[in-house]
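K.L.:
Respectively, the protein sequence lines represent chains A and B.
Start counting the first sequence at 1; every next residue gets the next number (my numbering).
Start counting the second sequence at 1001; every next residue gets the next number (my numbering).
Incorrect hints may have been included.
[As the list claims (entries may be wrong)] Straight-line Cα separation of at most 25 Å, DSS-like style, residue types lysine-lysine; simulated pairs:
#: 1; chain 1: B; residue 1: Lys1296; chain 2: A; residue 2: Lys234
#: 2; chain 1: B; residue 1: Lys1247; chain 2: A; residue 2: Lys235
#: 3; chain 1: B; residue 1: Lys1327; chain 2: A; residue 2: Lys326
#: 4; chain 1: B; residue 1: Lys1060; chain 2: A; residue 2: Lys212
#: 5; chain 1: A; residue 1: Lys235; chain 2: B; residue 2: Lys1018
#: 6; chain 1: A; residue 1: Lys110; chain 2: A; residue 2: Lys212
#: 7; chain 1: A; residue 1: Lys212; chain 2: B; residue 2: Lys1125
#: 8; chain 1: A; residue 1: Lys234; chain 2: B; residue 2: Lys1009
#: 9; chain 1: B; residue 1: Lys1302; chain 2: A; residue 2: Lys3
Since the hints were derived computationally from the structure, they do not count as laboratory data.
Quick caveat, the model's predicted, so the values are computed rather than measured.
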Amino acid sequence: MSKKTFRESINEAIKQEMRRDENVIVLGEDVAGGAGTKGDQDAWGGPMAVTKGLAPEFGRERVIDTPITESAIIGTAAGAALTGLRPIADLMFVDFMGVCFDQIFNQAGKFRYMFGGKAVTPLTIRTMYGGGLRAASQHSQCLYPIFTHIPGLKVVIPSNPYDAKGLFVQAVRDDDPVVFFEHKMMYDDEGEVPDELYTIPFGEANFTREGKDVTLISMGRTVNLCNQVADEIKKDNISCSVLDLRTLSPLDEDSILEAVDETGRVVIVDESYPRCNVATDISALISDKAFSSLKAPIKMITPPHTPVPFSPALEDLYLPSADNIKKTISNILN
Amino acid sequence: MPKWGLAMKEGSVTSWLKNEGDKINKGETFVEIETEKVVNEFESPEEGILLKKVIENDIKVPVGSLIAILGNENTDTNEIEKFVEDFQSNFTPPSDDEEDSNLEKIIQIKDIDINYLQLGENNSKNIVFVHGFGGDLNNWMFNQEELSSSFNTFSIDLPGHGKSSKNIDQGSLEYLSDIVNDFCNQNNLEKICLVGHSLGGGICLNIALANSELVESLVLVSPIGLGKEIDNYVEEFIKSESRRDLKPQLEKLYFNKELITRDLVNEVLKFKRLDGVEKALQIIKDETLIENNNQKTFLGNKIETLKSKISIIWGENDEIIPNSHIKELPSNVETHIFKESGHMSHIEKSKEVNEIIVKSN
């Protein structure tokens, strides 16, 4: 066990799975960098250096720099998965997924169903999401609700390095297509991560804080914001539990209902656009199945329904903040 | 804030058992403390009046932080305030450089890695602790450190457990006993006191039966091997993949079910989810623990021939192995049954168990 960053824990997960199983391959734009040129090899290792060091160890046959065409990356990866490999496709920014929706929604996500259960598609799609990098509206979206909407896809969104490694290994070993969401502001986050391989099953949410007064439900980066708030408001004698969903599909409904039952007050924090997002989905679930446990209205903290602003000042205002969460908590407690 | 076990970096007060102004005797419990791994009552290291509770409930503070002030009855309030102020301004939390966990070492035995922890040296007597099925050396956090002031103490992670190798292909009682036996030989330990819990208790008893030269005394906590009955805990523990499945299983281990927090369940799941663990546990279960829903190992008929001094401890409320197993033992065994204690008496009744270990030496 040692301290590793979010970036290192995913890098280690990929490396160890590639060593364990020769069917695991990596493909995407600049996953190594320099293929077919006389220039530096493995200079990039992906835009955030998560796949750095893979090409020298495993060779160009298993670490494939692709042309800039998302539809070809996913089309290739889905076909490879269907025929026996376990590809990890790097799609850089989730904002670019629009051009390969057919390959994901209609092909990879449907193979098992359309072939009467005779085909499996062990495909992992890595992608970056979220604001904070001042990368403007075409490189800062969350979009995980869109993938959660599609049956046949699994959607994973870790909040810390330990979960990232275990969930990633599970994604690689899973026989269905998994979209793995990495927040671009989290790569340097540190945590204790075992050196050994391990898996975390999909569909098990995790309580990162225990409390009696309010439950904060969240996913990915905003879980850490919730943890921070829960720690800070202890001094005001407010005890807050935090539920980290870890996977959006499958969704751990039992833990959500358990959490509601314990406190009766729920605040859902979701960085994605407010219409038809995870917060609305969970809110509906709670209203439907746990209405009688509620002591206060369910509150949702999300950005406004606009593109992510480029202006740093506006982007900071746009994203869910600790202040926002604290105010909401104090409102529902009074 | 006390330090229970090597991994503990911070803890919080969950409840106070005494109020400000109450008298506290040395060794009396006065506050309940929660760590990542366990909730337990803290015994006062000194006698005095509880003058001030310094930290609030449920706030995590680093090990070594000031949690309360004990002193004479008529201590001046200003003096107390000044003490707190001085302490807080001079206090630096222990650094995070993992210096502590380096105390654990790996040793090669029979081609696998065995992780162990030694605390205490240059004492005349040696104690070796062997944990139970699904546990690890941290199970002795309330015993080993305490006893290390007057003994050389060693705790090991059994094969397939803790930080020892997971890729094992055998798990018989003989194999596990050989590992512990070889561990003692490689460390040149002689005339030891072996302390074992559950599966570890069976291993320790088996070693003592074969090697009375090595083992001077034995202290066993709810050991296997003394009767047929055993709960389906072992099978269910292996099978449980989620927090929701595992929690009721772990609750069977303790009299006080509140000890099983979600954090504790998560810690056990972190171990169970490592590659190779499930297979290793299955091998040990099949080769040593369970056959047709009963215990596979029986050593009770040999105890009479044992040359080592032996004490056996049971919790009255043990839900894993019934305390009836302690009732038909030959007269060379000293027996203790603790009220309000489950399968983990070395944790739930640590003070009493430590006294028995000291006395048996």
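K.L.:
Need the status of pair B/Lys1327, A/Lys326: alpha-carbon distance at most 25 Å?
P.N.:
Cα-Cα ~58 Å, so violated.
K.L.:
Hint check: B/Lys1247 vs A/Lys235, CA-CA at most 25 Å. Holds or violated?
P.N.:
Violated, at roughly 30 Å.
K.L.:
Please verify whether A/Lys212 and B/Lys1125 have alpha carbons no more than 25 Å apart.
P.N.:
violated, 48 Å
K.L.:
Please work out if A/Lys110 and A/Lys212 have their alpha carbons no farther apart than 25 Å.
P.N.:
Roughly 42 Å between the alpha carbons, so the hint for A/Lys110 and A/Lys212 is violated.
K.L.:
Just to be careful, I want the Cα atoms of A/Lys234 and B/Lys1009 compared with a cutoff of 25 Å; is the pair within it?
P.N.:
The hint holds at about 20 Å.
K.L.:
Does B/Lys1060 pair with A/Lys212 here, judged by a C-alpha cut-off of 25 Å?
P.N.:
Holds, because 16 Å separates the two Cα atoms, which is no more than 25 Å.
K.L.:
Verify the proposed pairing of B/Lys1296 with A/Lys234, using a straight-line Cα cut of 25 Å.
P.N.:
violated, 50 Å
K.L.:
Verify the proposed pairing of A/Lys235 with B/Lys1018, using a straight-line Cα cut of 25 Å.
P.N.:
holds, 22 Å
K.L.:
Compare the distance between the alpha carbons of B/Lys1302 and A/Lys3 with 25 Å, and conclude whether the hinted pair is satisfied.
P.N.:
Status violated; Cα separation ~48 Å.
In this structure, the earlier hints numbered 1, 2, 3, 6, 7 and 9 are contradicted, and the remaining ones agree with it.
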